[in-house]
Each structure stands twice: as structure tokens, then as C-alpha cells.
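Single-letter residue listing:
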Amino acid sequence: MRLLSLRALVPACALFALAVPGSARASGLDAPIVTSGQSHPTARDAAAVYWNPANLGYLKKGEVLAGVGLIVGDIRYDRERTGTYQTPDTLQFNAPIDPAYIDAMKTGPSDQVKANPVAPSGNFFFAYPVVKDRLTLGLGIYVPFAAALKFPKTGAQRWQAQQAFIATSQIHLGAGVRINDFVSLGAGVAYVLGFAELSKLQDFAGVQEFADGLNTLGQKNSFGPEAPTEVRELDVLSRPFSLKRAIAHGVTFNVGVTVNPTKRFNIALTYFHSTAMRYRGKFAVDLNDPFFTQDLAAQGLQFKPLVRGDATLEYTLPKRITLGLGYDIGERWRVDGFVQYVRYSELDAFRVTASSPDLAQPKLGIGDTLAVNLPRLWKDTIWVEASGRFRATERILVSATLGYQSPASPEKTIDTASPDGQRIIGALGGVLDVSPRVSLLADARFQGIAPREVRGSDYDLGNGTYRLFIAAIAGHLRARF
Amino acid sequence: MFRNTSSIPLLLAALLAPACVEEVTVPEAPAAEPVELGDERRVELRFLRLDAKDFVQELSLEDIKQRFPEKILRETWLLDMDLEPLIRNALLTLIATPEADVPHLPRSAQNMWKLLNMTAKSTSLDGTSLAPLIGVGEAVGLGPATILADLIAVDPNEPIITVDLTTRAVIDNVVSTHPNAQFRPGPVDAEHPDGKYPVAPGSLPVSLWDVVTDFAEMPVRFGPAEAADPDDPDHPGFIGGAFKFKATTPDFKMVVKVDLNALPYKGLDLTDGTVANVNSTKSQILSAFDFTSEDWMNIEGLVPALVVEEMTMTIDEDKEFVASGTSPDPAPLGDSAVWQKPRWLFERLIAEVAVARAGSIPAHCTEYGPKGQVDPPFIAVQACIGQGAFVDGVFDPDAAAPESWTSIAIDDSVLLDSPPPPPSYFWDVLLEVAQVRLHDGGLGEGEGDISFTLKQVPVGTTVDDLVAQIKTNIQKNPAALSAIAELLNENTEGRADFYYYVPKADNPPELRGDWLYFVTAADIENDADGEPVRPYGYKKPGFFRDAKLTDKASEVVAIDGDTSHEKVKIAAGDVLYMLDDEQRLFKLVVEDKPAPHSIALTVTRSR
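Chains as they are written, first to last, in numbering that gives the first Met the number 0: chain A, 0 to 480; chain B, 0 to 606.
Since no wrong hints were added, every one of them can be taken at face value.
Pairs of lysine-lysine residues, derived as DSS-like cross-links and limited to a Cα-Cα distance of at most 27 Å, are as follows:
id, chain 1, residue 1, chain 2, residue 2
1, B, K568, B, K586
2, B, K547, B, K586
3, A, K362, B, K64
4, B, K281, A, K219
5, B, K52, B, K281
6, B, K256, A, K219
7, A, K219, B, K503
8, B, K592, B, K568
9, B, K470, B, K70
10, B, K252, B, K52
11, A, K362, B, K52
12, B, K503, A, K105
13, B, K551, B, K592
14, B, K195, B, K475
15, B, K470, B, K243
16, B, K52, A, K219
17, A, K219, B, K470
18, B, K64, B, K243
19, B, K503, B, K281
20, A, K219, B, K252
21, B, K475, B, K252
22, B, K281, B, K539
23, B, K252, B, K70
24, A, K152, B, K592
25, B, K113, B, K454
26, A, K411, A, K113
27, B, K252, A, K362
28, B, K281, B, K70
29, B, K592, A, K105
30, B, K64, B, K256
31, B, K281, A, K362
32, B, K568, B, K538
33, B, K256, B, K281
34, A, K105, A, K219
35, A, K362, B, K256
36, B, K281, B, K568
37, A, K378, A, K318
If you are wondering where the hints come from, they were derived from the structure by calculation, not from laboratory data.
Bound conformation, chain A alone (with noise of 0.2 Å):
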């Protein structure tokens, strides 16, 4: 009974959230936090798993390590239109418009408007050598992708974004094989659970369904993709989305070779494959408005108010290779950093596809099936960090981290459902080894951007000042047996 009620209480997504390590993302769709500061590349941890198999291969003992953590996040857009713009009370739907429909008004700054995202954070390593000094396997439960945003329902980003949830977890099986001092080489296979949900302001003037309904009444008309600005942000055509409880599944691999050239310096190469993300949930859109569900029945535009059905989301997650680098000053010093190349150019679209038997409007040829493309036209980013590692006393060690990430969303396309720009990193860390085989360890990890100022967004739709902030703690337990 008390499982009952908890899940009447608490969305599937907040379920979701529980179990992820972040939820104001970095840079593309990256989660700030996927593990504790200690592990990277050429950790030897039971992490490894996730940031490279092939150091499984180096463990001599098994290895639980398991953290939760809080992330928060102020992201503020400060939207300025730069285009030219209807009054929001009309329905010219051919430009050029007017100018006697133009809205003087409607141009230049807007308020800020801001999503503050706090949310917890959980990740879960085991890592267990079944032949001594050979074979370790490994698993490992974590998020590496996330997004959570909610911004105001009637600010000026709404056409945007007004709330979205995006995050994948890996439960990830992997295992490191020793080769001998020198090299290792480690494989991993993952099931990649993807959750999602959003809303926003769906712009009927930038759906080509819509614009081609028209056209089969003969109306030329300036809808669709590629809408100039007089046409856009309409408020009859401006109608409440939601997608929820959209659940994606996939399977990727990663495989690493570690190289340790001397006792003190390692090398680590890894790959990470894409996956293709197909997210399969329910889909809302408000059609309450008489030009949509009774004005124009004559013409066979004729909608419930509320249609709902289901939705999917599509994109790829991208794949990656990360290059690492460690080196042991002495006995207390340590530096180590890592080069990660990721192709995010393989996301140029956030695809959605609503199906519903009341989205059909067979006289105006709109079938039951609506394609809304966000384009996303990523770039591929690089990632570089380095981290310096101190051990203080016997028992403590701190680590401290910078690091910088390039931004995934070109000029073109950025928005509030992806901000995203030069990304600055830096983290502390610290750990406390309580016994000779438990230690805790501690995570303070802030990113940034500097303010972006965009002005070349597609049919101005997300110019503007981006500032992004994202600050994450963590705590990590860590025992060995």
C-alpha cells in the first residue's frame, strides 16, 4: 500500500530524477556530473566502467562506489527579437504583411526570463576482479545525459521551451582485461534507458502540416519550417504541448585501452558508440481556441480542444572518444586530464511525432500524424580537463579541476532547450579514507558560460543573451573487499 502511494505521489519522472546524478546539463546534452571528481580516464576505479574499461583490468580488489549528490543551475535568457512581427492578436498569414497588422511594439529586448533546475543526483559503481590480475568486470548505474529546465509558461522563450526533462541512464557491464603492466584493454556493453518529457508553445505557423492544410484551401501561405518572423508567434496559433512520460531504449558499447608507458604515467584512448534515442510517450496539445475547433469546420478544420495520442522523440545520442593522460609527480602529486572529442554533430534534429485519430483533418489533407523538427544542427565539442591531486596526509586527499567545454549549439538554432556556450569547469574535490578499505569522498563542481550574445538564430527565434551556471556537490562512499 505504502508503494501505492508513493507512486500516485510522485511522477515517473520525479522517480526518474531520483535516480540520476544531474539534471541541468553541460555542454550538448552532457549530465555536469556522471561520477565523483576521483574518476576519469585513467582512474583505477570501479568508474572505469563508464570512463574506461580497460583500468577494470587494474584492480586488485572488488569495488563499490556509490554517490548522491545535488545539482543546481540558473540559467537566465535574456530574448531580444530582431525581426519583424505581426501583432499577436491577427492572422495574416502571407508576407509580406501589411504594415497596417505590424507590431511596432514587438522588437528588441524582453524580460529575462530564468529556470533555476535543483535536483538530486545518484550514481552506483561495483566493480569485482574474477581472475586475479587478468579480468575484473564491472557495472555500473549512472546518467550521463540529462536536461531539466523550467522556465516561465508566459515568458518570451515559451515558443521555445517552458519546462523539459530530458535524461538518459546506462546500466553498464563491463570488463577490463590486464594484459600485463603496461597495457590493459576494456570493453563495455549498456542499456541506455532514456526518459523525456517537455512542453512549450508549439507555433502552428512553423508546422508544415498546418501550412500545407492551407494550401489545400488554396490559401498561398507563409507557414511552415521555414515561417519568416511576420507570421510566427500568432496567439490563436500559439498552442500548449506537452510530451510525457516518454521512454526510450538503446544499447551502446565503449571499449578503452589503457597504455602505461612508465610506472608513473598513463595513457588512456576510449570509445563511446552513439545511440540512436527513441522515445515513445503521450503527447497533449491545447486546442481550445474556436479558430481550431469550430470556425473553420466548414472547411474541415475541426479539432477536439484537448487532442492527445502518442509521441515520439528522436535523436542520437552522439558517440565519443576521449584521450587521457595521467601522470604521478610523487608520492602525494598527481596530474591528470583528459581530451574528449564528441560528435554532436550527429544530433541535428530533436524529431517529434504526434499520433492521434483527432489530429486527422482528411479535407485538408493533415493525417493523423504530426512531424515537428527542432533543429539542432550541433557541432562537434571537444572536452578538456586536468585535474591536480594532492594527498594531503595518509588518509586525505584533495583534488582540484579546470576544465573547459566548447559549445554544441551553433548561433543558428540555439535556444532555451539548449543553452549552451564556452563552457568554463572547475571543480574541487576532496577524499577521506576512513579505513584502509572505506573511503568517502567529496565533490564540488561549478560550470559556466560566459554571456552569449546571439543574433544569428533562424527566423529569430532564439536570439538573445544566454548565461548558464550550473553548480553540483556530491558525496561519494567507496569500499573495497
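Guided by the hints, dock chain B onto chain A, whose structure is given.
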């Protein structure tokens, strides 16, 4: 530790709630509640234009039959089709009936055939007052045809009653006098409160109903019809039996292109304070068509040649023989009883034809003597028209006479079995001959009603002309299509008492802004039979500045082609009063505008 562990899920939910995305929902619309006395409600109305350009509406036969009430189709007038070509073709077709086939026609049709083919030479004068001319001919060696032909000033073999004259007479006297050829049904409006519209004389009013029903109602519509005045005689009709005329092919369609705001106006039903739709089509119909474009209307799928497959024309005769006149008075037609007969009767028709025929006969006298040399010269017969008179028993051919007054003077030395015909008008002569000939073959008086069935009679109008005529008519009166256009874009919803309108931006400044329009009868939705769903029960239409409704604020101003609605321009702070269709008084207070093309009103029921 928590004492109340049941709060844990709540705390957890609160902690995790930010991660959730709210699902889009639509609240249930509240049920409409009647506005009670003293109730105050705030409503917002918006004005939205969806300016359709070259909006193509295609109507197939099936569309027309299925989508539109019969009443609307009957009231959708396309053209008044000139019947003259059809009547002429019908008469020509009858005339052209081969002589060998004539005996197979009904007796009355045979007689009509004879009348139409009647020449001076072929005319039998037996049984008429002209019969003595036969004797004259025998006496002086002249054929009666010669005297008759000379009198009428035609060749002996030329038809006396021409088709043109008969056609015109049928149109003017038989067709045009039919009640249904004088008025056609149409939508009720201020100018036509009885829903009757005049028809062009001599024309067949063609409605969309006729087209889609292949003119099946013609025998009924143009059959016997009661006179509007009970004291007047009923019209016997002129189409009897079958009338088979299929003007359309299965591919028939009407295609129109319109430019209009396709969205309804948003109004308010004061009864329950709900927003209602008023169809916007009618008020825009005058400007809906771009007549500068050739393809503003196309009618396709008409038959290549408009031919009536079969039709039966009827012309009734009087029950009694109608005596010809014997006096020139009363001028100018004389004293025959035929002039008191209804115009559609055969006798009157013939008399009218004769009057028309007489108009082309010049006044003249022709003298006839015996054959060969007679000394001294001897004039046996004088036949005059329009001149000549008996003065003191002596015929003077140069004496003045009324126009078309016909005199035949025979010298006393000519012995006749019966006296010569007395002077009379030409039409009296012809009326008598026609009546006698009509009853040839043993038909009694009252049995000579003419009825002839013809096949493959060309309508006399080409399809292109027909279409051009329809387009011209609608161009002159676009409102003819308003009912159809309104149904094509049927979007009336609710029972609005008034609605909100924003004039186009190209209006003068004093007309721009926000206006309230009081509904007219034309704004009331029609039911499936084309009848209004509610009566227009407004006893005091319009908006007033005072609760006593003495100071009217609204007037009928022409805006964007609308000239029928009481309307008032409003601004924030204005206070107006109005009566709804149940005679309840409402006060409207105009609030600040919520958006450029929206208004807010506070509505209070005051009585």
C-alpha cells in the same frame, strides 16, 4: 525520526517536483448559466480575420443536392432565361412537321399546324363570314385567295400568321401572364419582404434547384396556376405533360473564387453571457468576388447543346365561340368580346397576333373586275383595309377608315348566295377564320385546347451564353449567392445578439476602431430546411445611450460594404443599453482593451 511517516512521500514529491513537466490539460468549460436580473458578467470578444484570397469553392451536383436545403436552392436564382428562342423553336418544330405525319398528331395539334401553315391560298373560308368571297370569285373569275392575299398584302403562298408574330404573342400573352413567370422566390430581405422577386418579361426564372432537378418541376410550375386575386381567372398554364430537359452532365460543377474573411464574427448571447459566432459571409458577399478576374466563377459540365428532349405546350381555348367585332368602336380594337377574354386563351392570342400582323399591312384598296374586256369598265369587287367606307349605301374607297378596318364592297350586279362580309377590323376577320379552322375535324367548342408535344427542341441559347448570363447576373447581384456562400462556410454558433467588428485599415479614420453591430434577421442561423432557427424577436434593435432607450447611439453606417446593421463605435468608458430578443434590458460598459483586436465588456442585466 519522523513521527508521521506518511509525510515522507509528500516531502519526496515536493523535492522532486521541479524535475517534472506539467501536462497540458484543458479545463472543462463551465455550463452556461442564464443571466439573472442584476447579474454582472465580464466578457472579452476578439476580432480575427482570416483573409482568404482566391478561395476556391467547388460544388458538384451531389454537393449541391446533399449540402443545401431545398429552400436555399430554390432561392438561389441563376438567370431569367429568355423563352422566346425556345417558343420560336417549338413553333418552328411544329411547322416543320411533315404533312404526312400531321394526321398522326392530336386533332388540336393538327389544327394548330394548319393555322401556323395557313396561307391565303391554303385557307379554307368555309363556314366563315368570308365564304361569300368564294361566290365572288366564281362570279368575277377570281380565286378567293387572290382577294385575301391582296387584302393582307402578301403573296398567296406566304403564311398569314408568322412564327415571329406568334412567338411574340405567346410570350406576351401566355407566358408572361403566368404568375410563376412574373415572380420567383428569393430570400426575404428589406426590399423583398414577401420573398418575391420580379422576373424579366417572357423569361423562365432558373434557380439552382431547377438545374439539379433537371427542370422536373416545369409542368407543375408552368401548368395551371391559381390567380392571386380570387376574382381573376386562373391561368391554365402553358406546359403540360412532360418537360424533359437535362442541362447538366454528371461532371457538372460550379466553381467560384472568393476573397473574404473566412472567420465568423464573435458576438455575445446576452441570455447566458456566452460568446457566439455570427457568420461573416453575407456581410462580405458584395466584395467577395474579384470580377476583374475571368475565373471568378466557372460552370462546368453543362451539356454541349441545350436541347429540350420533350415538351408539351398547351394553349386553352374559350369554351364558347367568340364573336368577331362588327364596329370600329370602341377604338382602336372594336367591339369583339375577345378583348375581354384572358390574354392566354387561344382566341385572344390569335386576335393579338392579328393586331400585330395588321400593323404591317399598309392602308390600301384593291379593285377587281370580271375577267376579259368589259365595256364600260366594271368594278365588281373592292377590298380595302385602312380606308374606304360606305357612304349613303355607296362604297367610297377613298373615304377615311380606322386603321386596319377592312371593307369588302361588291357591286350590286354581282349575284351572291349570301351577303358579302360586313366591314370589320382585320383581327376580327382572322379571329373568325382561326376559330373555325381550329374546330375542323368535328371538334366542338371548348374541345379545341391546343396541346402539342415536341421533341428535341433547341433552347436557343448556347452554353457559353447561358454561363455568361449567369455570371453577369451574379456580378450585378452577388447577394444571389450569399445563402449558398454562407452555407459553404457555415460557422454560426449560438444566438448572438450583437457582435464585435473592426473595420479594415483602409477606412477613413472616423470609421476605424472598435464597433458593435446589432444582429439583423439575416444573421440568424438557418436550420436544415433553410428556415431561421429562431424568429427575429428584437422589438427595438440598436444600441442606446439611456436605459429608457430613447437616445439611440447606433445607426446604419456603411462600413466595408455592410449597409444593413445598426452599429456603434465604442471606446473604453462608453455605456450602452440594449434590448435582447426576449425584451430584457442590458447595460454594456466598455472596459479597457485587453489587446489591439479585442474588447472587454461588463454586461449587466438591468430589467
